[in-house]
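Colleague: Residues per chain are reported as follows:
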Amino acid sequence: MSAIVIGVPSKGRLQEESAAVFARAGLNLESAGAARSYRGRIAGMPGVEIAYLSAPEIAREIGAGAVHLGITGRDQVEESIPDWKSRAELLVPLGFGRCDVVVAVPRAWIDVEGMEDLDDVAGDFRPRHGRRLTVATKYVNLTRRFFAGHGIADYRIVESLGATEGAPASGAADLIVDITTTGETLRANGLKVLADGVILRSEAHLVRSLVAKTDTKQAKALEAVVARLRG
Amino acid sequence: MTRDYAPLRALFTDAGYAFVEPPLLFDASVFVELAGEDLRRRLFLSTAADGTELALRPDYTIPVCLQHLASGKARRRANYAYLGPVFRQRRDEPGEFLQAGVESLGRTDRALADADMLKLALSAVATLGVAAPAVRIGDSALFAAVLQSLDLAEPWRRRLARAFGDRDRLKALLARLASGAKAPALPDGVPAGKPAALRRAVSDMLLATGLATVGGRDAGEIAARFAEKAELARGNRHAPKVLTKFLAIAGAPRRAAAAVRRLAAAEKLDLDAALGDFETRLDNFARDRLDLSKLAFAADFGRRLDYYTGFVFEMYGREDKKPIVGGGRYDRLLSLIGAGGPVPAVGFAIWLDRIGAAR
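If you're matching them up, the sequences are chains A and B in order.
Note that our numbering numbers the first sequence so that position 113 is 113, with each residue one more than the last.
In our numbering, each residue's number is its place in the second sequence (first place is 1) plus 231.
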């Protein structure tokens, strides 16, 4: 039987917190060989393989069915998996990795308090400036859905790879959609969150793939791990 | 499925439309700038070696208009026809599919051109075996005229005009207009009624946050809109009532026109020009022996693309939820892609892939 695959964050705070989740469930993660391996095991569970991946990769692989179960942020699930509700199930919120995905505009835009104002600004932007209003973000899909939900069509996304919060000051975009925890970074960059601009309140979740295939034995192994992690 | 499109081609050619075949691949920003971010998720995108984002054409209208602009004076008269593949990400339908249609550019006899277009579209679907499609018609110029003749703050006119074509959104906006909102609070230390002080305060904030020198919204624009917002916040009970009545008008076009006229008289709205155009168009339909009672007008029917400026229509097969033809007047499109002024333009596209089911 081939192993079921569990995606675990490979770096930073998320990795530490995830390791603690497994430890509390009495599951010991062992590395498969070399110290810095990207594959691992759970002691005493031969049918389970651990894949150390970045949080966005875990979401994508769950959506593609290559990873059965994983720990990743809700923001990643909703952003990276097309039609996510049919492909993934958020099993348990884990209480860490908390962040909000928000719409933030320059603080000097004193006339813009909510999405409705942004709609006005977007609608007038092209006639005034000869180009569309631009939004820098890594969260392209969340942004599109949220803006469409508010009836805003007159804008363009500029995909951001690095520090999104710097985009307005560098002239790369007029406003941003990004994650924030305390709002400190946004404030330091002269930005403010719109009153109704919280797209998503996210935290790390135990996430199950609804599209990864399992045979009976694998399904059993998966259930066993889920039951332990649910506590 | 293969089908014989020779009769359709002959129809367009005989009507004076020259077949063109623009490129498949375009700089994606052409489409995104025109149709907005929402279109981007429906595009098939790729990246060139130099980083330019490229898209397969999602329709023919924009490519044909670009070709028109590149090959001569924008305002010259030209009649184009097309039949070929276009590419869109669609949920339950293939991403590559065939469209056929025409674009008529530069005709200043708009009411006649509109009628010609509807007639040609009906003949076109007839060659494909659809004898009596359901036809919906609308006219965003009528809505614009109602907005213009009501006592409304200008930003509200723009808001409502942008939402035209989206029933739910328009309804929500009208409710907001009726109830009014809280006026925005002035920044600390700025006295009311001092626009110069407000502009200075905004300018200082831009400077302090490093945004003073980048392009985009400047202090003047922000302060002006802030002042505008106070006006936006004031509730208006009358205009939403009139607009709601107008938007509910639907049915056979002559009766609908009469209903619009009655509303205009009762509310003292000056709709003469727009209604005149609407009725001239109907006269032309009648002269073309179109059975007007078969057309379904709806005052709230429009396309949510800001380059559509007047007459719009859609056709449906017997069982179909999705239109098999979409058409309309888009006088603003050519100026948006560089014509240097509005150019009369009207056209339609047939979703050939949907016709099989429609027959």
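Quick caveat, the hints were computed from the structure, so don't treat them as lab data.
Keep in mind that the hints are not guaranteed to be accurate.
To be verified - Just a few of them, taken from the derived set where beta-carbon distance is under 7 Å, the chain B residues facing chain A:
(1) 263
(2) 268
(3) 280
(4) 283
(5) 393
(6) 418
(7) 437
(8) 441
(9) 445
(10) 449
(11) 457
(12) 460
Said to hold, decoys possible - If the Cβ cut is set under 7 Å, some of the chain A residues that face chain B in the computed set are:
(13) 106
(14) 110
(15) 111
(16) 114
(17) 144
(18) 145
(19) 146
(20) 148
(21) 154
(22) 179
(23) 213
(24) 215
The beta carbon of each residue, even a glycine, is placed where N, CA and C say it ideally should be.
Colleague: Each hint: holds or not?
Modeller: Hint-by-hint comparison with the structure:
1. 263: Interface hint status for residue 263/B: holds (6 Å vs cutoff 7 Å).
2. 268: Where the cut-off is 7 Å and the nearest Cβ of chain A is about 5 Å from residue 268/B, the hint holds.
3. 280: violated (18 Å)
4. 283: With a minimum Cβ separation of about 14 Å from chain A (threshold 7 Å), the hint on residue 283/B is violated.
5. 393: OK, holds: residue 393/B within 7 Å of chain A, min 5 Å.
6. 418: holds (6 Å)
7. 437: holds (4 Å)
8. 441: Nearest chain A Cβ about 4 Å off; hint holds.
9. 445: holds (4 Å)
10. 449: violated (10 Å)
11. 457: Holds: closest Cβ of chain A sits about 4 Å from residue 457/B, inside 7 Å.
12. 460: It holds, given that the least Cβ distance between residue 460/B and chain A is near 6 Å, below 7 Å.
13. 106: holds (5 Å)
14. 110: Cβ of residue 110/A sits 6 Å from chain B, so the hint holds.
15. 111: holds (4 Å)
16. 114: Nearest chain B Cβ about 10 Å off; hint violated.
17. 144: holds (6 Å)
18. 145: violated (9 Å)
19. 146: violated (11 Å)
20. 148: holds (6 Å)
21. 154: Check passed: Cβ of residue 154/A comes within 5 Å of chain B, closer than 7 Å.
22. 179: violated (20 Å)
23. 213: violated (24 Å)
24. 215: violated (31 Å)
When the structure is compared with the earlier hints, violations turn up for hints 3, 4, 10, 16, 18, 19, 22, 23 and 24 and for no others.
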